[in-house]
Structure formats: structure tokens, C-alpha cells
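Once you have looked at the hints, place chains B and C on chain A.
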Amino acid sequence: MAPSVFRSPVQLPPAEALELSKQAPAILRSSANTASTSAIGAIFSAPEKPEEWITYENLILSSLRTGDDKAANQCLARLVARFGENNERVMALRGLIKEAEAQNDGELEKILKEYDQILSENDTNIPIAKRRVALLRSMGRLSDAASTLVQLLDFSPTDAEAWSELSDLYLAQGLYPQAIYAEEEVLVLAPNAWNVHARLGELQYMAATASGADGGSYQKHLAEALKRFSRSIELCDDYLRGYYGLKLVTGTILKDSGKPAKLTDEGDFVLPDTKTIERLNELATAKLAEIVRHSTAQDRGWRGYSAAEVAAARELLSEDSSSGIVR
Amino acid sequence: MSSEIELQIAPIVQESLMHNSRTFQNLQSLTASLFGVSAGILGLESYSGFLFYIIFSLLTSVLFYIIRVAPTSISSGKKPLDTSRYFLGAVDFWTGGLMNGLAGFILTWTLFYGLVSA
Amino acid sequence: MTFISKAITAVGGILLAHACYSAQEHSALQSFRATSGAALTSAPTTAVSLPLDIVLETIVSTFIILLGLVLVTRPLRPIQWREWAGKIEREGEEGFKDSNGEVNKDYIGNPFAIFESRPNFVDIRKQRKEFAQWVKKEGGQKAQ
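Each protein sequence line maps, in turn, to chains A, B and C. Residues 205 to 531 in this note's numbering are what the first sequence spells out, letter by letter. Residues -13 to 104 in this note's numbering are what the second sequence spells out, letter by letter. Residues 16 to 159 in this note's numbering are what the third sequence spells out, letter by letter.
Only chain A is shown next, with the shape it has when bound in the complex:
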């Protein structure tokens, strides 16, 4: 089935992105070329649909990705005809196309200067500010990007997407505590987002397993990860990613349960007793096995999981069973 043009194509695998961008010429042809801006024209022309503009935006993203710059420019022209040159989102999209077409670092520097110029005229232009952060990151200037993003968050602290990007930026620099803090801010803004809970659990797990974590913080990170993964599966039945993380964390905790557990006196969440963790581990194993079985058989109602995730879960399960024999 072709992916929907109404959804953001950023995380699609390459094959689907290609399929999506192949739809671009047909969509451009099928819809009218001009959007009328006059009042009389608006009465006679067909009523405009908000989906149309989202479609154009998503088409720009996917055709840039597949290198179809012509289609991207056509889509942009439609958006300009409707919203004008100075619409903030349109400006950001134009910048995006320029970034994609840039051949060398000099051109990128020029685009960066343009962004600075726009921001000096109007420093509340959030889409451009976000592009600037993304461009800095793309050029490898991670700490610059992070500091710019912090400034952006200073005057728009309710932007969950920006907090999430900040967390990812810190993670790229190996700053786990900061990354965890930023991801927690996302959770404050969207407390029921099950994938953010799982993401935070993954961050905690990474922080725990990264070298340099001493005994106390190691335990604390693992306990937090356990808590986050448990919440993510509480919010979402049969959540593959949550169960995967839960199994990983409980497995790690059980493996080094021989070590003496240090009591943290900070009053944080303390690990439950070994029995509970064992039961959690069993639950996660059973659930993962069920998901993998149904998903491989392509049972009706179990086809929503991505193939890569199912493969990873299968690998984890087989690893577990082989190490179980050794034990």
C-alpha cells in the first residue's frame, strides 16, 4: 500500500519515500495550478482543503529526499501563490530547498547568513529558527546548535518538538544527564506520549550502560529506565518497543543482581525486589514472543509493526534462549 501523503514522511524507509515522491507529478497535475487570492475568485473556485497544503509540504520533503528538486520547487510555488512570500513556514521550506541544493560549505554558510538576516528582522520566526538549528547540526557544529536551540526554548518553552530535538542534540554529544532532562520536559508537555516514555527509558538505559557510570548512578538509571518502560506499556497495549526495553533492562538487572545493591539515600525510585523483576522479565519475554509470532504469520490485526523492529525482537529472544542453555 502506498504511504499516505497526509503524514509526515521524515521517518519513512527509503523505498516508501521513493514511492511517495513518485506520486508528486500526478498530484501536481490533478490539482489546479493557481490558488485564487481575490474574494470573487474564492467564491467561484472549488473550496480549498487544508489537506492540500499539508500534501504539498510533505511532497516537498519526500521529493527533496529523493533528489527530485523540480517537483519540490513546483510544490513550493503553489504554497507561495497561496500564502505569500513572507509566510514563516513558506520561508522555512524555501530555506530547506536551498539547503538541499547546496553543493559546498560556502553555500551553506551563505544560507546560514540569510537565516541570521531573517531572524535579525524578526526574531520570533520560529520555523526559520528551527531550520537554523538543523543547519548548524547538519554542518557538524553541535554545540552551536544546542546553544541556539536553548535560546529558542527560552522564549517558547512549550515547544515539545524543540525540547525533543535538544535532547537528541545532547545525546549526540554524549551528555546523558542533559539529554534526559530535555526529554523529561517533553513528557511534561505530553504526559501520555507512550513513545516518549519509551525513548526516555532508552536514554536512561544508554546512560546506565555507558562507560563511566559509577555504581550509584548506574543503579539509579536502571531503576528509572525500568519505570519508564513500564509506564510506556501501561499506556499502550502490546507496545513492542516498550516490551523490548523492559526485557533488556530487567535482563541487565538480573544479570548483576549478585552485586550488593547500594542504597541511594536521595529518596528516588528504588528497584523492586528480584522476584518482581523476574516476573516482569517473564512477562516481557512472553509478550515479545507473542508479537513476533503473530507478526511473522501476518495475522489479521497484527500488521502494524515495522519489520525491522520485529526482527530486532526476534534476535533478542533467540539470544536469550541460547544464553539460557549456557546458564
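Be careful, since some hints might not be right.
[Said to hold, decoys possible] In the SDA-like style, the derived pairs of lysine to any residue whose C-alpha atoms are separated by at most 25 Å in a straight line are: (1) A:K274 with A:I231; (2) A:K226 with C:D138; (3) A:K431 with B:E(-10); (4) A:K317 with A:L356; (5) A:K226 with C:R140; (6) A:K317 with A:Q355; (7) A:K302 with C:K21; (8) A:K317 with A:I330; (9) A:K314 with A:V354; (10) C:K144 with A:L222; (11) C:K21 with B:E(-10); (12) C:K144 with A:Q278.
What the hints contain is simulated information worked out from the structure, not anything from laboratory work.
Chains B and C in isolation, oriented as in the chain A frame:
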């Protein structure tokens, strides 16, 4: 207080709730007009007309339950006649349609009564 | 599914229209008999109730239309957060089809996925490079 905590732990999806109740309300107002047509054709008067309406709108709820709610709700481990997978209040589900479509019912009832027996 | 339910509704509608017409004719006949018969006999003009077949036809057709209307209603969505989220994860697009088999337009998958895809921060140059590599790899596989 405890229910508030429970809502925090297991939140309700507002969009789904609205989607479901809108679907059901559309059905109820449509069928209420339909019942008005048949009551008018049958030439029912006073109490028997309202009785007809009550019986048929309960029948609507039952049919809707059997066709839309029961298959998925029972397979997910709910008891029969339990609508809590899709609707918040059970009483609301079974009898809420009565007030919902009454105006439409009376409108078409009187119209068709007049048309047929005039 | 949608065809069947629409057909059921249409059949019911025809039956109901027929019942309506019959009832109307019946009452017209009654009043005609009352006016013409008043001259011949002095029988009182009692309103004869509707014949049983028309009554049955009306009720059956109402029931048939009701069934058709219930069948065309859109599928419901779970209201408990974990069931709804689980449905999105487990079934994907399949779980959110209309009664005529198309994916709902307002279905956007996991609404919180933008916190991980972050379309406003997309690194388009990296994506282009990755895509070019993917094309090369695919092309290489096909050539072999």
C-alpha cells in the same frame, strides 16, 4: 479523588470518545425520523405512538450494540452488554437516544399522520 | 460491506414507500366509502383500522431500514488510552478503516511520533545522502 488518580494512570482518549458518541448520535437522530414516518403511516395516536418510539429506539441501541460494539468488546474480555470499551456511561448508551431524537420523531410523525389520513 | 448495507436500506425504503402509499389509498378509500355510503345506508362512519398486511409491511420495512442504517455506521474507536494506543501500534492503518474500506483521513498514526521525526528540524542533506546510498545499493543488487 481516587477516580482522578485513576484517570491519570489510565487516561481517556477524548477524540475517540467524541468520534463514538457522534457516530451513535447521528444514527439515533436518523432512525428517530424513520420511526416517525412509520408511526405516521400506522396512524398511531398519543400513548401508543410514544410507546412505539421507545420500543424502537431501544431496539436501535440493541442492534448497534450487537453489530458495532459486541464483536470487539467481547473478544477483548468485556462482559456481554458492557459498553465501557467505547462509551463512558452505560445508562447514557441505552437510553440517551430517547431524548436525542424525540423532536425529529414528533416532526415526521405528525407530518406523515397528516399526509396519510387526511 | 457498504454495498450490502446500502442495498438493504434501499429495499427497506421501497417497502416503506409502498406501505405509505397503501395506507394513504386505504384511508382515501375509507373516506370515499363514508361519503358515498352515507346516502345508501345509514351505517355510522367508523374508522376501520389499517389492514394487517400494511401494518406488517410498515414494521418490517422499518426494521430493515434500521438494520441498514446501523450497518453503515462508522466503526468505533476504543476510548481507553492503552487500548487505543495498542490498536495504533498493533494494527497500523488497518484498524482505522471506514465502513467502505478506505483509511480514515484524520488517521495520523501515533500523534506523538512527531517528537521523534521532528519534521521542522529535518536534516535534509543527510537524508539525501542516505537515499543516494540506498539507491546505489539497490541498483547494485539488481545488477547482480
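Now for the hints, and whether the structure bears them out:
1. The hinted pair formed by K274 of chain A and I231 of chain A meets the criterion: a straight-line CA distance of about 14 Å does not exceed 25 Å.
2. For a cut-off of 25 Å, the pair hint linking K226 of chain A to D138 of chain C stands: about 21 Å separates their Cα positions.
3. Proximity of K431 of chain A to E(-10) of chain B is assessed by CA-CA distance (about 21 Å); at most 25 Å being required, the pair is judged to hold.
4. At most 25 Å may separate the alpha-carbon atoms for a hinted pair to count; K317 of chain A and L356 of chain A meet this at roughly 17 Å.
5. For a cut-off of 25 Å, the pair hint linking K226 of chain A to R140 of chain C stands: about 20 Å separates their Cα positions.
6. With a CA separation close to 18 Å, the supplied pair K317 of chain A and Q355 of chain A stays within the 25 Å bound.
7. Of the pairs offered as hints, the one joining K302 of chain A and K21 of chain C is violated, with about 52 Å between alpha carbons and a cut-off of 25 Å exceeded.
8. For the hint pairing K317 of chain A with I330 of chain A, the CA-to-CA distance comes to about 16 Å; that is within 25 Å, so the pair holds.
9. Among the hinted pairs, K314 of chain A with V354 of chain A is consistent with the structure: their alpha-carbon atoms are about 23 Å apart, no more than 25 Å.
10. The hinted pair formed by K144 of chain C and L222 of chain A meets the criterion: a straight-line CA distance of about 14 Å does not exceed 25 Å.
11. Annotation: proposed proximity of K21 of chain C to E(-10) of chain B is violated, straight-line Cα distance about 44 Å (limit 25 Å).
12. Of the pairs offered as hints, the one joining K144 of chain C and Q278 of chain A holds, with about 22 Å between alpha carbons and a cut-off of 25 Å not exceeded.
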